[in-house]
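Asker: Start from the sequences and build out the full structure, keeping to the hints where you can.
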Amino acid sequence: MITCGGVGVVVDDTTLLADVDLHVSPGEWVCVLGPNGAGKSTLIRAISGAADHLGEVALAGRPADGLRARERARTVALVPQTPVIPAGMAVDDYLLLGRTPHLRRFRTESAEDFAAVDSVVERLHLAALRSRPIESLSGGERQRVVLGLALVQDTPLLLLDEPTSALDIGHQQEVLELVDELRVERSLTVLSTMHDLTLAGQYADRLVLLAGGRVVAEGAASEVLTAEVLKAHFGVSVRIVHDDDGLSVLPLRRRPVR
Amino acid sequence: MTVPGAVRRGAADHHDARSGEGGESTSPVVAAPGAADRWDRARLGRYGTVVAGALALLAAAALGTAFGPSSQIGPGAALIEVIDRIPWVALDSGLTRNQAGTVWDLRLPRVVLGALIGWMLASAGAGYQGVFRNPLADPYLLGVAAGAGLGATLVIVRGQVGADPSAMVPIAAFAGAVLAVFITYLVGAAGDRRRTPASLLLAGVAVSALFTAVQTYVQQRNASDIRIVYTWILGRLSTAGWGEVALLLPYVALSSIALLVYGRTLDVMSVGDDEARSLGLDVDRARLVIVIAASLGTAGAVAVGGLIGFVGIIVPHVARLLGARSYRVLLPASMLFGGAFLVLADLLARTAMAPAEIPIGVVTAFCGAPFFTFLLRRRSVGVAA
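If you read the sequences in order, they're chains A and B.
Residue numbers for the first sequence follow my numbering, so the first one is 1147 and each next one is one higher.
Residue numbers for the second sequence follow my numbering, so the first one is 26 and each next one is one higher.
Since the hints were made in silico from the structure, they are not lab data.
All the pointers check out, no bait thrown in.
Taking beta-carbon pairs under 7 Å as the criterion, some of the chain B residues facing chain A (in silico):
1. W64
2. V293
3. D299
Derived CB-CB ranges, DEER-like:
4. D1159/A to R183/B: 41 to 51 Å
5. G1173/A to R310/B: 30 to 40 Å
6. E1281/A to Q97/B: 55 to 65 Å
Think of the CB as a built atom: it goes at the ideal place given N, C-alpha and C, for glycine as much as any other residue.
Answerer: In C-alpha cells form, the structure reads like this:
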C-alpha cells in the first residue's frame, strides 16, 4: 500500500510537484501518466526516497520518514527509467546487489541470498544469461535483469519508472505481462509511470494523470483517457477507439492547410 | 529476450545441469545443491586474482631484496639472510655483519616501504574510481598531490631557518594533503546541494589549481631550492632504517581495513546514487568514509614517498584486466599488485643507472604512460561512468 498526502517537490525555487494525493491499495497497479515534465519521475523519486519532498508518504501503512534506509529498501523497490549498468558486471553479481537491504551490516551473502537470486533467475528465464556482462544483453533482456534486481530485493511495493520506454512494441508487452503475472504471484503493489497511454490503460487498474506537477484526472481508463482530457493536458487531438479488448488511443494528424 | 524459445532452452539446460549433479529438486524456489556449488565455484574463481597478486608481491619482494648496488652481496645470500630472521629458522647466509646490516637495515626496509606505498596508492585509486564511478580517477584527484606539494615546498624553502627540514617535510606534506581534501569536500557541497561525484571532482580540480598556483609562486621566489623540491615531487624511496615504514604503517593499516570493509558497498554504489539509495545504502556517508580512508592513506604515502604517479590509476585497471570485477576482489588485488609494481619500479630506479638513482616517479610514469594509452584504446576496460 502506498499513500501520498499533499506531496510536493521544490528544487531551486521551481515547483516540480505540488499537493499530490495518491493511494495505491494492496495488490493494485496504478499508472501515472502525463506529458513530459509533468512530474511523473519526480513523484516516483519522492516515494522511493531519492528526492526530498513536502507532505506525507506512507509505505505499507508506515510513514516513510520514520523508516530507516534499510527498512525502506525492504519495503519498496525501484526500477529507474535509465538504470546505470556497471561496466563488466555479470547478471548474477548485479542481481545479488538486490540483497543489500537484507544483509547484516558488512556481512556477505548467505545461502538464502543466493537462493533468492536463483529463484528470480528461474522465474525471469535468465539462466542462459546469468554469467554474461549486462552490457552485452539486448534491450529486452536488460530490462528483465533490471526488473530482476527489484524482485531480488523482495519488497511488497514496486515502483516502475517508464519500464518500457526503451523497448519495441513486442518487448513492451512482454515486460508488462511479466509485471502483471508477478504482481499476482507475489501479491505486489505496483506504481508505474508510462508514456504509452493505450498500454497504460490495458495493464493498470487505475490511472492518475499529472500535468504541471498536479493531479488533474484520476480513475479508470475510460474516465481518464478521453479525447477532452488528453486535448486539455497533452494538447493533442486523439480518437478513442473502444472495442472488446478495452480502449485504444489513436493520435490524429492535424493536416496542414495548403 | 530475442527468441523466446532460445531462452526457455537455456533454462532447461540449467535444470539438466542441476539434476545431473544429483539434485532431485526441480522446484525453482528451493536452492538445489548444484546451484550452491555454482556460487561457490564463481567465488573461488574470482579469488584467483588475489592469489596471483600475492604471488606477484612475494616474487617482487624477493627480487627487490636479492638485487642491489653492492656487488659483494650475492642475490641468494641476501635472501637467505632475510629468511634466517624468521623465528625458528636458522640458516647461514655467509654474509659479514656489515653486509647483513646492509640487507636488513637498507634493502629490506626500502622494499617494504615500496610495497606499502604501492599497496596504498593502488587501493586508494581503486576506492576513488569506485566512489566517483570514474575509470580515470586517481588518488590525487581531490587535491592530495597539490596540497602535499605546497606543504613540502613551504618547508623546503624555509628549511635554512627552522629545525631539521627533512624531518618536517613528511609532516607538512601530510598536513597540506589533508587540508586540501578537506577544502575540496567543503566546496563540493557549496550551495546546499548534495555532493555528487561531479561536484566533488570539479571542486578537486579547483582546489588543486589553487594550491598548485601558490606552490609554483613560492617555488619561483625561492629558485635556489627548486632542485630539492623537484626531487621530492618526483618521488623517492630513500630510507635509513625502518623509521618511514613505522611512520606509514598505521595509516596504511587503518585505510586498508576501511576500504576492504567497504568492498561490497562500492559494488552497490556502482549502480548509481539513486539506485544505491533505493537499495538502502547511505550513499553520502559511504562516500565520505571511503574518501577519508583513501585520502588519509594517500596523504601518508605521499608524505614519505613523494608524488609517485600512475600507480593509483593503472594498477586497478590491471587487476580488472586480470579478472577482478567485484570491488571485494579488486581492492585486495590492487593492494597486492600495487605493492609488487612499486617494488619492481624501485628496483629498476636504483639499479638501472647505479650508482645513480632514477626518481621512482619517472619510472612509474615511463612504464605507466604507454600502458595507460593502451588501456584508453580498449573500450571494454573501465568502471561505470
